[in-house]
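**Student:** Top to bottom, those sequences are chains A and B. Position 148 (the first sequence) corresponds to 148 in my numbering; numbering is contiguous. Count along the second sequence starting at 1, add 1000, and that's the number in my numbering.
Accuracy of the hints is not assured; some may be wrong.
[Stated by the list, open to error] Over the 10 angstroms line for every Cβ pair with chain B, so calculated as not near, a few chain A residues: (1) Asp59; (2) Asn110; (3) Gln187; (4) Glu304.
[To be verified] Below are the SDA-like pairs computed for lysine to any residue, each with C-alpha atoms no more than 25 angstroms apart in a straight line: (5) B:Lys1197 - B:Arg1299; (6) A:Lys264 - B:Arg1259; (7) A:Lys262 - B:Met1098.
Keep in mind that the hints were calculated from the coordinates and are not lab data. Remember, it's a predicted structure, so these values are computed and weren't measured experimentally. Using N, Cα and C, we set each Cβ at its ideal position, and we do this for glycine too.
Letter by letter, the chains look like this.
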Amino acid sequence: MKVLEIENLSTHYLLGAEIVYAVDGISFSVDAGKTFGLAGESGCGKTTVAKSIMRILPDNGLVAGGKIWLDGQELVSLTEEEAKKFRWRKVSMVFQYAMNAFNPVLQIGNQIIEVLRQKAGCDKEEALEKAKSLFEVVGLEASRLRDYPHEFSGGMRQRAIIAQALACDPKLMIADEPVTALDVIVQGKILDLLNKLKEKYDLAVLLITHDLSVIAEESDQVGIMYAGSIMEMGDVVSIFKRSLHPYTARLIGAFPSVVGEKTKLEFIPGAPPDLTSPPKGCKFHERCPFAEPVCRAKNPELREFGKGRFVACHFAGELDLGK
Amino acid sequence: MRKGFVASIIGGEQRYVRAVDDIDFDAYMGETLCLAGESGSGKTTTARTILRLVEPTGGNVRYRDEEITTVSKDRLRKLRMKMQIIFQNPFEVLDPRMPAKSLIGEPLKVNNLAPNEQELEGRVFEALTEVRLTPPEDFARRYPHELSGGQLQRVAIARSLILRPDFIVADEPVSMLDASVRTEIINLMKEIQRIHKLTYLYITHDLAQARYIGERLIVMYLGKIVEKGPMEEVIREPIHPYTKALISNVPVPDPTAERRRIFIEGETPTPIDLPQGCRFRPRCRETIQHCEHEEPELRQVKRGRWVACHKA
Chain A
1 MKVLEIENLS THYLLGAEIV YAVDGISFSV DAGKTFGLAG ESGCGKTTVA
51 KSIMRILPDN GLVAGGKIWL DGQELVSLTE EEAKKFRWRK VSMVFQYAMN
101 AFNPVLQIGN QIIEVLRQKA GCDKEEALEK AKSLFEVVGL EASRLRDYPH
151 EFSGGMRQRA IIAQALACDP KLMIADEPVT ALDVIVQGKI LDLLNKLKEK
201 YDLAVLLITH DLSVIAEESD QVGIMYAGSI MEMGDVVSIF KRSLHPYTAR
251 LIGAFPSVVG EKTKLEFIPG APPDLTSPPK GCKFHERCPF AEPVCRAKNP
301 ELREFGKGRF VACHFAGELD LGK
Chain B
1001 MRKGFVASII GGEQRYVRAV DDIDFDAYMG ETLCLAGESG SGKTTTARTI
1051 LRLVEPTGGN VRYRDEEITT VSKDRLRKLR MKMQIIFQNP FEVLDPRMPA
1101 KSLIGEPLKV NNLAPNEQEL EGRVFEALTE VRLTPPEDFA RRYPHELSGG
1151 QLQRVAIARS LILRPDFIVA DEPVSMLDAS VRTEIINLMK EIQRIHKLTY
1201 LYITHDLAQA RYIGERLIVM YLGKIVEKGP MEEVIREPIH PYTKALISNV
1251 PVPDPTAERR RIFIEGETPT PIDLPQGCRF RPRCRETIQH CEHEEPELRQ
1301 VKRGRWVACH KA
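All chains should be modelled from the sequences, with the hints used to inform the complete structure.
**Tutor:** This is how it looks when you write it as structure tokens:
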């Protein structure tokens, strides 16, 4: 069942007299009980997608077009008042810097109770009970609700953030680089926790990260973003094992691994384009070793290529990408 | 090992944080030795102590047989020309008000090694070309804010190379960068190493990265070396329970890979009140009684493989 459906979303930032085309007409959906991994390098627009869904864009950002359906409701057209009501209740977000997510001078428990009272309409006692059970769910002792943020380690803080994100039984959880700042063993535990919660609550998870290794291990579906567009989309195994877009193949090829044969890694020459004046044609053509005149002239549409597989490349299926 | 480098740093008195506690290793000419561990393992303190950016409370550090911990300031300055460091965040290290040419040429100036402006410029252009910032005339003029993160890190590398060192400590040099730029810089570092026969002490929390760049691996936990050996052997067949857990938790870019995460209790504690016996014991799943009483020594269990575990 589709929980989130994004249709042709465009989000722009105004930068003085210029416009940054941060997200440029993307579409995808996330099912209940599944993880959709949205991956790409810095500046590709993946976090802007999250902020557009949450309606927390900075003042100079605006959704320029498209629709976002969450649990049957369209979000782009909501007023700010209405948006406040669905945030936390229908969708919540876990950020990278767990350190900054809590007020340092308030007990963590009180901050979670506050969310429960404000958003879930719990009374004081209900909220405390719920907070206790949430802590248990994420693997923290209920007695630690009285702790202040600095008394928690990085991993515990991330667990507390996840507890808070679950407070109002959302349908969708957006996890934006949820483990990037954590040590590898704690990383593993947090990813495991997210997986358990996904199953337990039939949550739809939108996992946003630059780390394709995390994407490979945690996602059911994957979308690869580049310069504001989705270049390729499909189930995790075909994305990694049978990449159709040169960008996907090259990006995967830049990641080292601790398993398998050690191979020489290749990088992608050049840098992503300036999104105030994106190049004509395919946005990747300047860095693509297979680019032909048509790639400079015409932007390839994201088209279906086999069941559930989407790719935006004029030569999809015709290129030897080494796999 | 005469043409090598020896470090052994012995911990301080009680009530101090023993950030690095009695460790021994050698780095050999032309190799990349990786120092890996999680936050709080002491890997960065080790690196800084070697260059005497942090003064050790005990122990010896030798560079080509010369004791570094006790040399005079003058001699240290000379030695530092041969021993350089690359930091994680070039934005913090490089002065934003200086163009690349001055940033890269500064070590030459400070050490009176550039007789004139022309010679200085020549050396800077050469260094820029070496790190692939071409045309050098163009990049020499640019200020840090006019460079991308990857380009700026290459300026930092050029700056560290300008005095023609033979030993470079690289402290998480690519951790801030995107994957493709990361690979680009690591490949560049490997090539420069081959050309100049450099020795790298490469510090990283990322074992996949360590495997890609290094020939030997040291894994640290709470200020101690827990395991050390040839890279591929340690990665494929770790012996210490901590190394095993660490490697099993590194995500891999392959959804079909068979992975089983080994879980260990809790997180790395602070090094202030260390447990009795083995410092990994409270989190270890393979403990025996002995672990409670005696701290395991780092001992050779196979040729070239060193492990600090009673069960090894």
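**Student:** Against the structure, test the hints numbered earlier, and report the numbers of the ones violated in rising order.
**Tutor:** 3, 5, 7
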